[in-house]
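*Asks:* What follows is each chain in one-letter form.
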Amino acid sequence: MKVESNNFIELASIAIQNTEQQAAVRRGTRNGYLNRLAAFTQFGYEHGQHLRMQAAAAKRRALKSLPDLLEEAEARMTENGITVLWAEDAAEARHHVQEIAARHHVKRIVKSKSMLTEEIELNDVLQGAGLDVVETDLGEYIVQIGGEHPSHIVAPIIHKSKESIRDLMVEKLGMPFTDSSGEMVAFARQRLRPIYLDADMGISGGNFVVAETGTIGLVTNEGNGRLCTSAPRVHVVLVGIEKVVESVEDYALLTQVLPRAGTGQHMTVYTSMINGPRRPDDPDGPEAVYVVLVDNGRSAIYATKYAEVLTCVRCGACQNACPVYRSTGGGAYGWVYGGPIGAVLTPLYVGLENAKPLPYASSLCGACKQVCPVDIDLPRMLLDLRCDMEVRGYGSRVYGVGLWVWSFTQRWPWSYRLAAWAARVGQRIMGRWHPGPIGAWAKYRDVPTFAPKTFHQLWAEREEVMSRK
Amino acid sequence: MAEPNRESPKGKTVSLFVTCIVDMMYPQTGMSVVTILERLGVKVIFPMAQTCCGQPAFNGGNRREAARVAKQFLRAFDGAEVIVTPSGSCATMVRHEFPTLFAGDSFWGPRAERAASITWEFSEYLVDGLGVTDLGGRLDTPRKVGLHDACHGLRLLKLGRQARALIGGIENAEVSEVPDCDVCCGFGGLFAVKMPDVSGSMLQDKVNSITGSEADVVVTGDASCLTQINGGLARSESAVRCVHLADLLAESLEGQEAPK
Chain A
1 MKVESNNFIE
11 LASIAIQNTE
21 QQAAVRRGTR
31 NGYLNRLAAF
41 TQFGYEHGQH
51 LRMQAAAAKR
61 RALKSLPDLL
71 EEAEARMTEN
81 GITVLWAEDA
91 AEARHHVQEI
101 AARHHVKRIV
111 KSKSMLTEEI
121 ELNDVLQGAG
131 LDVVETDLGE
141 YIVQIGGEHP
151 SHIVAPIIHK
161 SKESIRDLMV
171 EKLGMPFTDS
181 SGEMVAFARQ
191 RLRPIYLDAD
201 MGISGGNFVV
211 AETGTIGLVT
221 NEGNGRLCTS
231 APRVHVVLVG
241 IEKVVESVED
251 YALLTQVLPR
261 AGTGQHMTVY
271 TSMINGPRRP
281 DDPDGPEAVY
291 VVLVDNGRSA
301 IYATKYAEVL
311 TCVRCGACQN
321 ACPVYRSTGG
331 GAYGWVYGGP
341 IGAVLTPLYV
351 GLENAKPLPY
361 ASSLCGACKQ
371 VCPVDIDLPR
381 MLLDLRCDME
391 VRGYGSRVYG
401 VGLWVWSFTQ
411 RWPWSYRLAA
421 WAARVGQRIM
431 GRWHPGPIGA
441 WAKYRDVPTF
451 APKTFHQLWA
461 EREEVMSRK
Chain B
1001 MAEPNRESPK
1011 GKTVSLFVTC
1021 IVDMMYPQTG
1031 MSVVTILERL
1041 GVKVIFPMAQ
1051 TCCGQPAFNG
1061 GNRREAARVA
1071 KQFLRAFDGA
1081 EVIVTPSGSC
1091 ATMVRHEFPT
1101 LFAGDSFWGP
1111 RAERAASITW
1121 EFSEYLVDGL
1131 GVTDLGGRLD
1141 TPRKVGLHDA
1151 CHGLRLLKLG
1161 RQARALIGGI
1171 ENAEVSEVPD
1181 CDVCCGFGGL
1191 FAVKMPDVSG
1201 SMLQDKVNSI
1211 TGSEADVVVT
1221 GDASCLTQIN
1231 GGLARSESAV
1241 RCVHLADLLA
1251 ESLEGQEAPK
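Taken in order, these protein sequences are the chains called A and B.
For the first sequence, the residue numbers in this note's numbering are 1 to 469.
For the second sequence, the residue numbers in this note's numbering are 1001 to 1260.
Extracted from the complex, chain A is given alone in its bound form (with noise of 0.2 Å):
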């Protein structure tokens, strides 16, 4: 996927123009939104605060000890008789599912939702290469269908009206006509159903991976996940470095997190732990799964101050509560992830050359810290990355000489007071003339008038008035 972030500002700007987006957006984030409130203040707010803390304690934990415990994780897999495989970039990912894919003979291939595999842009080199590739989640059935890009993590298609969605399935699909949604559902369900029957790979993501027990945990809803990686013959897992937990207990601890976070459920429809290939036993499953452990840029970013970013369970929560987002949708990033997350992951993996306008694209209102499940601290890393700008000199040099302006005027009483004045006299001046970034206010607000005499003026007066008596 083209990084088009440096582009976030126009992006943003023509969103906000298309009124059916910007409704589904804002309705589908304000019911996450008010979705998660009363998931985690079910059993009071303390509850709520107790589950997030001990979330983040034990996502920071397992980052702690990432090194070993990808190592234990992995010797727990091979016992499984799970076949494990690395993979530095998305390059190398990508060749060991063609690998795996040509090993295996496989032709048709259903996939369950994974972002990562977005990241790594599996479905466009896999279909290059001749094979048949289907999403199944059914937001992303809808964007595949449409040719587009997932806008939300967990909900791929909340800048879809269901009008707009419908007629995408029944000019791409041949669904007829139909203003139901229960309808349009079982109709997808059909048209899938014998496509996962007839799939030779399944491949999906990884919500967790447990190092004690060398277990891969999957949530989702729709049951197709499930489908994916039991029906076909072979299962590839494609899985960030940065999902492993150290226990068992630490799964049974974020899977009550994660739903609640990102869709307001106490537990999700599935919650699947995938432990190997079929056993001699088991009435199905593949017979030969595969888990690539996928670093493409995680190790550098746990290198930085920025590590805690890597312990994100992806849940979406940030999206919804965060006013830019709710204004812009998620395809103003530019990138894979929107909203803040987004925000923060975009420089850090694509380069911060190629996403400059994303740290600035908050006004820190600390919403996705709030209502994070793990308590990254969002707008810190926003101000840190603002600070990386500076000091790599890609930040505005208007901006930057204003700064420096605004800055001298505030450091000694004189120049302040010079500045009150001069602010003054100017509006006076230029009346209704307004330029530059004065014209950017003015645009959407009344541009307020300075008061004709500072504070500091009135109380010299009134400490003088007061001396007098």
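Don't read these hints as lab results, they were simulated from the structure.
Straight-line distance between alpha carbons at most 25 Å, and here's what the computed DSS-like set of lysine-lysine pairs gives:
| id | chain 1 | residue 1 | chain 2 | residue 2 |
| --- | --- | --- | --- | --- |
| 1 | A | Lys453 | B | Lys1043 |
| 2 | B | Lys1071 | B | Lys1012 |
| 3 | A | Lys356 | B | Lys1194 |
| 4 | B | Lys1158 | A | Lys369 |
| 5 | B | Lys1194 | A | Lys443 |
| 6 | A | Lys453 | A | Lys469 |
| 7 | A | Lys369 | B | Lys1194 |
| 8 | B | Lys1158 | B | Lys1010 |
| 9 | B | Lys1043 | A | Lys469 |
| 10 | A | Lys443 | A | Lys356 |
We have chain A already, so just place chain B on it with the hints.
*Replies:* Chain B in isolation, oriented as in the chain A frame:
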């Protein structure tokens, strides 16, 4: 919840940090704060050397310039017993960012720590610091008062309940919650001019929440949000306006007898 282990500000002289935006645009808000504090028998002084807290540079990622401005704050408030400011955002800057800005600096570090430990946001100072919620104020006509919980105060200083308690203490004022009162208004300092369309879209949501509510007036604790929201309300030709908590309180005290 009030932050635990803060030294009580009772009986101490207050050094008012009026903030640059109140200084230049809303000086009457500063006077409202003085009126209220003096009515409560608090001695207020105003260090004339004060400028800004440095937050614009800090949020812009320029910590060097932020530190330069912050040093002027620390010089101006050197020797202060208690610092009170009518802004959750500026109070957050002093409380949360000054100590990290000067971490490891043997001269400025302790001064920053000290400033952080004695700085109070206005409503927090009244309610948590002095334990006052009823100032004896009264409005001439009954009004429904909505709120906009400014982000930094809400999330980093845990403000919100203090303003509601103070409004609840005014006769003829009734707290009438505005939906999404805890959602950002879209100001965000430079954000508003750097990304005007996004900021404008966020503002429109805020304006819609307010105009769709029953509130006759909306109270906030930050002059910057107030500027943004009133700019939007005026543009949408709504009659509702946002006022600073200190101004509503001061208005309610006009003509009321000071408590003995």
